[in-house]
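These are the residues of each chain, in order.
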Amino acid sequence: MEVLNLTAVGEAGKSFAARVGAEAGTDVYSCYQCGKCSAGCPLSYEMDFQPRQIMRLVQLGLKDLALKSSTIWLCASCATCTTRCPREVKIASVMDVLRAMARREGYPIKEKGIAVFHRNFLNTVAFGGRSYELGMILGYKLGTLPAQPLKDLDLGFTWLQQGKLKFIPERIKDAAAIREIFSKTREIEQADLAKERAQGSGPETGHGAGLPAGGTEGHS
Amino acid sequence: MKYAYYPGCSLHSTATEYDATTRAVCAALGVELAEIPDWNCCGATSAHATNHLLSLALPARDLVKAENMGLDVVAPCAACYSRMATTLHETKGNEVLRRKVSEIIGADFAATAKAKSLLEVLAVDVGPKVVETKVQKPLKGLKVAAYYGCLLVRPPDVTGWDDAENPQSMERLMTALGAEAVDWPFKTECCGASLSVSRTDVVLKLVNDILAMAKSCGADALVCACPMCQANLDGRQPAVEKAYKTTYHLPVFYFTQLMSLAMGIDEWKLGFRRHSIDPRELLHAKEIA
Chain A
1 MEVLNLTAVG EAGKSFAARV GAEAGTDVYS CYQCGKCSAG CPLSYEMDFQ PRQIMRLVQL
61 GLKDLALKSS TIWLCASCAT CTTRCPREVK IASVMDVLRA MARREGYPIK EKGIAVFHRN
121 FLNTVAFGGR SYELGMILGY KLGTLPAQPL KDLDLGFTWL QQGKLKFIPE RIKDAAAIRE
181 IFSKTREIEQ ADLAKERAQG SGPETGHGAG LPAGGTEGHS
Chain B
1001 MKYAYYPGCS LHSTATEYDA TTRAVCAALG VELAEIPDWN CCGATSAHAT NHLLSLALPA
1061 RDLVKAENMG LDVVAPCAAC YSRMATTLHE TKGNEVLRRK VSEIIGADFA ATAKAKSLLE
1121 VLAVDVGPKV VETKVQKPLK GLKVAAYYGC LLVRPPDVTG WDDAENPQSM ERLMTALGAE
1181 AVDWPFKTEC CGASLSVSRT DVVLKLVNDI LAMAKSCGAD ALVCACPMCQ ANLDGRQPAV
1241 EKAYKTTYHL PVFYFTQLMS LAMGIDEWKL GFRRHSIDPR ELLHAKEIA
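Which chain is which? The protein sequence lines are A and B, in order. Under our numbering, think of the first position of the first sequence as 1, with each following residue one higher. Under our numbering, think of the first position of the second sequence as 1001, with each following residue one higher.
A couple of the hints might just be wrong.
Stated by the list, open to error - In silico DSSO-like pairs for lysine-lysine, Cα to Cα no more than 27 Å straight-line:
| # | chain 1 | residue 1 | chain 2 | residue 2 |
| --- | --- | --- | --- | --- |
| 1 | B | 1100 | A | 173 |
| 2 | B | 1215 | B | 1137 |
| 3 | A | 141 | B | 1002 |
| 4 | B | 1242 | A | 151 |
| 5 | A | 173 | B | 1002 |
| 6 | B | 1065 | A | 173 |
| 7 | B | 1114 | A | 173 |
| 8 | A | 141 | B | 1242 |
| 9 | A | 151 | B | 1100 |
| 10 | B | 1092 | A | 195 |
| 11 | B | 1092 | A | 151 |
| 12 | A | 166 | B | 1269 |
| 13 | A | 184 | B | 1065 |
| 14 | B | 1065 | A | 112 |
| 15 | B | 1215 | B | 1140 |
| 16 | B | 1114 | B | 1100 |
Hints listed in this document are in silico derivations from the structure and should not be mistaken for laboratory results.
Isolated chain A (complex conformation):
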């Protein structure tokens, strides 16, 4: 069993916990490890750390373990945990914050396929202002090669026959406004990160905001 040196975590760990709490709008120290979140979590059986364990890692400032976990990517955002927490900790929001942080800081992603899916989804939105299922699925297939390129072919074919999948993406008239939203978001985030780094409270590394740049960026 791995031995963790908790005294070595120190100030960096405390600032990590504070940052997660502030971004998620919740008090991470309220968690007293009752496990109700994990008991109700539909995905817990697939996770390397249970949701309550992630909360403990955050409290202890064990940033690397939390950000490298499969848990943050497997979380389906169903908010069963948040709804049931007797201490009113917004656990699902904590998962959101940890995922965004892991991407932004270039942490290795344990569930690559899930990250590729999210990126492709947002790429289609950045391109035309609306999501585009067929493009999303094709992009996902290309992004996850060589794994299972033929999986779901039958369902995709059925949906095409039923007219559920469109060949041509829907573009809104003011698609430029959506590209502007993406680039402006990235700008503001980078300015915020630079400000925090200057104050010494932000992350030490920065790999950009991890956003698709209008449909072409290949960050994963």
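Fit chain B to the given chain A structure using the hints.
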């Protein structure tokens, strides 16, 4: 009763039958829907899964348009509804965040409009008593399991219109239509829709659990209020049956389809051909359609 209508991307692609029956049912009940002009995708799960500011800015552009129309928003998709309600919840009373979002979208976002799910509008604002008066063909003998999924009633401080653990509004609506709503415990269990493409194995298990529970509680069909849930529970059902060597053959309706049917709205609008599990066999057997 007039709302700014936000169909969301799915109602223009995988769920056009939900869009058609939503419009038909609302028209019949005197609920006026004014579609938000040039609306954009809310970013659904992928935006908030990876970028907080983006997840607020995308719905905010649509919400500002609704504010300009002077209307509250109604969203039939549970995921869209959740993103809109969350955006309002987080920006109301948080000046710094609200200003940041306004700057990103290049418009003053006041966060004053309300976001409602279509189920809330029809089951609460209109209500089962009014719906009952419009029923022409009661859905007698049809046993349905009302499936809310995760985002319609959760988390309660964001949604707050029905019980987060044991919601009842869809059941009341189904009863008003003459159907029987079975009592079952999985009505808010997550079907894992956001992982459907990337971790299909997980989704097959979750869908199997839900279908097995519905069947064992005596349901003939499931009723849902979300295009993600429908695509998952219906579209993935053949694969689930194969993977778990079982047969469910449970049609998965949109609640507006059953409302259309009971209210005598044209059959062509129901879009049953687009379902993986064709519900017509069941409806014929029950002598409903």
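Against the structure, the hints:
no., hint, result
1, 1100/B x 173/A, "24 Å, holds"
2, 1215/B x 1137/B, "25 Å, holds"
3, 141/A x 1002/B, "42 Å, violated"
4, 1242/B x 151/A, "14 Å, holds"
5, 173/A x 1002/B, "25 Å, holds"
6, 1065/B x 173/A, "14 Å, holds"
7, 1114/B x 173/A, "25 Å, holds"
8, 141/A x 1242/B, "23 Å, holds"
9, 151/A x 1100/B, "41 Å, violated"
10, 1092/B x 195/A, "25 Å, holds"
11, 1092/B x 151/A, "43 Å, violated"
12, 166/A x 1269/B, "19 Å, holds"
13, 184/A x 1065/B, "19 Å, holds"
14, 1065/B x 112/A, "36 Å, violated"
15, 1215/B x 1140/B, "19 Å, holds"
16, 1114/B x 1100/B, "20 Å, holds"
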